[in-house]
Amino acid sequence: MKSRLLLRPFLAALSVISLTGAISAAELTLYTQRHYEFDEKLHQLFTERTGIKVVVVKAAAEELMTRLQSEGDRTPADLFLTADGAGLARAKQAGLLQPLPDPAIAAKVEPHLKDEAHHWVGLTMRARVIYYSPDRVKAGELSTYEALAEPQWRARVVARSSSNAYNQSLLASLIAANGPEKAQAWATAVRANMARPPQGSDRDQIRAVASGLADVALANTYYLGLLATSEDAKDREAAAKVKVFYPNQDGRGTHINISGAGIVKASKKAEQASQFLAFLLSDEVQGMIAENTFEYPVTKTAKRSELQQSWGEFKADALPFSTLGEKNAEAVRLFDASGWE
Amino acid sequence: MPTASTGDRPSLPLTARDGSRRFRPDRWGALVTVGGAVLSLPLVAVLLRAGGESPAWESLVGNLLGGYIATTVGLVVLVVALALPLGVLPAWLVSTCDFPGRRLLSWMLVLPLALPTYVAAFVFYRLPEAAIPALVRIRTEHGADAFLTAEFALRFGLLALMLAAVLYPYLYLAARSAFSRQCRSQIESARLLGDGIAGAFFRVALPAARPALVAGGAFVAMEVANDYGAVHFFGVTTLSAGIFRTWFGSGDLVAALRLAALMMATMLVLLALERLLRGRAQYLTGSQATPPARRRLPAGKATLAVLVCLVPLAIGFLYPVGCLAHWAWLHVSAEGGFALPAGLRPVPALGLAAATTLFATVFAALVAYAARLRQTLPRRAAGGLLALGYAIPGAVVAVGVLSVTGFIDRLHLPLLPLIGGTLPALAFAYAARYFAIPLKLAEAGLEQIGRPVEEASRVLGAPPGRTFLAISLPLLRGPLIAAAILLFVDLIKELPLTLILRPAGFETLATTAFSLASEARLQACAVPSLLVIAAGVVPLFLLEKRLSPSRRHD
Chain R
1 MKSRLLLRPF LAALSVISLT GAISAAELTL YTQRHYEFDE KLHQLFTERT GIKVVVVKAA
61 AEELMTRLQS EGDRTPADLF LTADGAGLAR AKQAGLLQPL PDPAIAAKVE PHLKDEAHHW
121 VGLTMRARVI YYSPDRVKAG ELSTYEALAE PQWRARVVAR SSSNAYNQSL LASLIAANGP
181 EKAQAWATAV RANMARPPQG SDRDQIRAVA SGLADVALAN TYYLGLLATS EDAKDREAAA
241 KVKVFYPNQD GRGTHINISG AGIVKASKKA EQASQFLAFL LSDEVQGMIA ENTFEYPVTK
301 TAKRSELQQS WGEFKADALP FSTLGEKNAE AVRLFDASGW E
Chain Z
1001 MPTASTGDRP SLPLTARDGS RRFRPDRWGA LVTVGGAVLS LPLVAVLLRA GGESPAWESL
1061 VGNLLGGYIA TTVGLVVLVV ALALPLGVLP AWLVSTCDFP GRRLLSWMLV LPLALPTYVA
1121 AFVFYRLPEA AIPALVRIRT EHGADAFLTA EFALRFGLLA LMLAAVLYPY LYLAARSAFS
1181 RQCRSQIESA RLLGDGIAGA FFRVALPAAR PALVAGGAFV AMEVANDYGA VHFFGVTTLS
1241 AGIFRTWFGS GDLVAALRLA ALMMATMLVL LALERLLRGR AQYLTGSQAT PPARRRLPAG
1301 KATLAVLVCL VPLAIGFLYP VGCLAHWAWL HVSAEGGFAL PAGLRPVPAL GLAAATTLFA
1361 TVFAALVAYA ARLRQTLPRR AAGGLLALGY AIPGAVVAVG VLSVTGFIDR LHLPLLPLIG
1421 GTLPALAFAY AARYFAIPLK LAEAGLEQIG RPVEEASRVL GAPPGRTFLA ISLPLLRGPL
1481 IAAAILLFVD LIKELPLTLI LRPAGFETLA TTAFSLASEA RLQACAVPSL LVIAAGVVPL
1541 FLLEKRLSPS RRHD
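Protein sequence lines, in the order shown, are assigned to chains R and Z. So the first sequence is numbered by my numbering: it starts at 1 and just counts up by one. So the second sequence is numbered by my numbering: it starts at 1001 and just counts up by one.
All clues stand as given, with none of them false.
So the derived list for chain Z, only partly shown, Cβ under 10 Å to chain R, looks like this:
{"no.": "1", "residue": "Ala-1334"}
{"no.": "2", "residue": "Val-1401"}
{"no.": "3", "residue": "Val-1404"}
{"no.": "4", "residue": "Ile-1500"}
{"no.": "5", "residue": "Ser-1515"}
{"no.": "6", "residue": "Arg-1521"}
Rather than coming from a laboratory, the hints here were simulated on the basis of the structure. Glycine included, every Cβ here is placed at the ideal spot set by N, Cα and C.
In isolation and in its complexed conformation, chain R is listed as follows (with noise of 0.2 Å):
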């Protein structure tokens, strides 16, 4: 172990200093916005399996895509991960992807969680449901987001800013189904109904329904998983006092939003970065997702976790994420226009 530290920095000079530039065949370079210490395992089984090594740059997707952009032909990456469909669809936009060598990799991936020129796939699935508090609300109090825009939940309801990814694609959805107009006006309504300004993380947003200072949040589904299984135990108190509403379930389904890939334009390792991503879909990988990480798996094919079967079955908006990518800029003006900072 001891010869290895001291080897590394001496290999990493040499991989600098080396003419070429060019990493071992069996490598593949990850530039990801996934923060998941799970991750990791799966990388290690993949190298297990295949022989292939993973390598991974981890930074905001935004920030990776800068890199992507000024890098060009000669970047190092071969695959491009976020934690969110529209960013896959300005990746896709901006000519940084190229389109998988085999699709039938993704045949099993439902239709709307993939680019339908395959330049990207879903790897998860996250739904932004309502958490609301079962002592002080009732579930037949809850339909759509829309009505969270009602005055009944005035300094009852909490989001987090609307810096977030996923609030500005669930944004983005309500301007598709509803137009700009109403989508500011909910905006602007529910940041009035808040029980305090927006902050924290979805986490966060769960805690403060379970503490008693707002009764329904705005959040991701996997997070109470998260709570549910931490290793803090407020966590666990804060998971079992809320419970989880799917909205707009009687129109277009909940909004959802996925965790995807697509492989790097200039990458030449375009079939290992295809095998990685067919290994991410298997039922084994999906299934061992939806128990570490508490993501929904994207294929019909996969076993939902437990947990995530106690939360119920649910309908989900459809909507195609190169929509949710060209809306997100209005999203974010609509934001700011109606003070949800």
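We have chain R already, so just place chain Z on it with the hints.
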């Protein structure tokens, strides 16, 4: 004001205005020009790209810019106002009084420098949760408006207090060094004239230390303005937060870079002001200053003094480190250890920080010396421009570096290896971002040396190069070592540049801590956070050995 300083600066023969020197090839100038130009490329790239097309800019200026600026100014003013007493009072006490624990406290008070603001934010941002029952009561008893005011005051105030408690050491170090250099005679005269210890402090010592405080305060202000992690956690939308919102949300990098350019312009104005104020300092501190003798405090006052020193230390270091240690303990005992992530490369990361520190410090000494050698506008402007990387968020500097390395890489020059995404490119980015630290300390150090020594050398016929190597550099050793240590500690904590520019698979302690914190795994994240802090505490201990005024006078 400027007359006071120019009167103190005879410009012959050091500035070489005599005709015989004028047409000699100026090696200092060439070195500084070429090196400075290369180092300023990322910032120039940011400014150039800010000139591009920006769909979001107009609505940004119309709707948001005013709010961003007001929030930023409000936060900066509040943090500096809080950091002033937290830094200056202990500095005054440890330099002029004697009390039990003084030497230990004198050292420990610099420790918050080892604590990255984003780590402090993990610890502090969940504190308001404890106040939720009280807030809910305010809402039911006094209505929503009172609740919103209380909630905002709590969050904004806690953020400001936390930043002040982590950043006050810049003021503490500046103030302590100023107080220890002040003339005994001035302070003693004040006391003899019946001013008392408090009067001596407010009427003599504090005004005389003002330039040092302005310099320390400028670092605090820049750190607050360029911070992203902490303000993001607390939901406070400063200009820095606005940059990321514009970039990530609207996908409008140009508008984001324009906001950064605005921050740089503000910084240029602040630096010019600081220069004016510092110019006058020369006039006030005599070269034969004798530090005042430390007065032994009676038991009651000594207890009070210890308390005054303990408050900033407790908020800025002991409490957060205590929390982290507790979480780390919980994590390690639950998991039976801590598994270092696969890509963690602490040794090359430290090596990279050390190499960058060495290069940047030496080059900063050269730039500062060249600017002093001949105070031409280009050289002074170079000094100003090179310091600006510190005024903007690291991610923006990263965009500039990517523009530069990407441009070169895409030329496909034969024999030239890939530059982007390598450790040397990361080192270059570090230097471009943090050059202000060694540069400003080298400038301040040169001012302290006093021109007569160098002038004597030049009069005796030594050329500028030899004067620099034989006279100025040895005398600058202290400030340069201090600069190197401060820079090194900042590089250990560095996050945004490393995140964006690192080679694939390269993790530092800071990126490891950040990654776990973004998963909200606070207990697991406590382990690498403590390691980052420990890696900073050791050099800070060395810094104290070097800087402490007590070293010479005890």
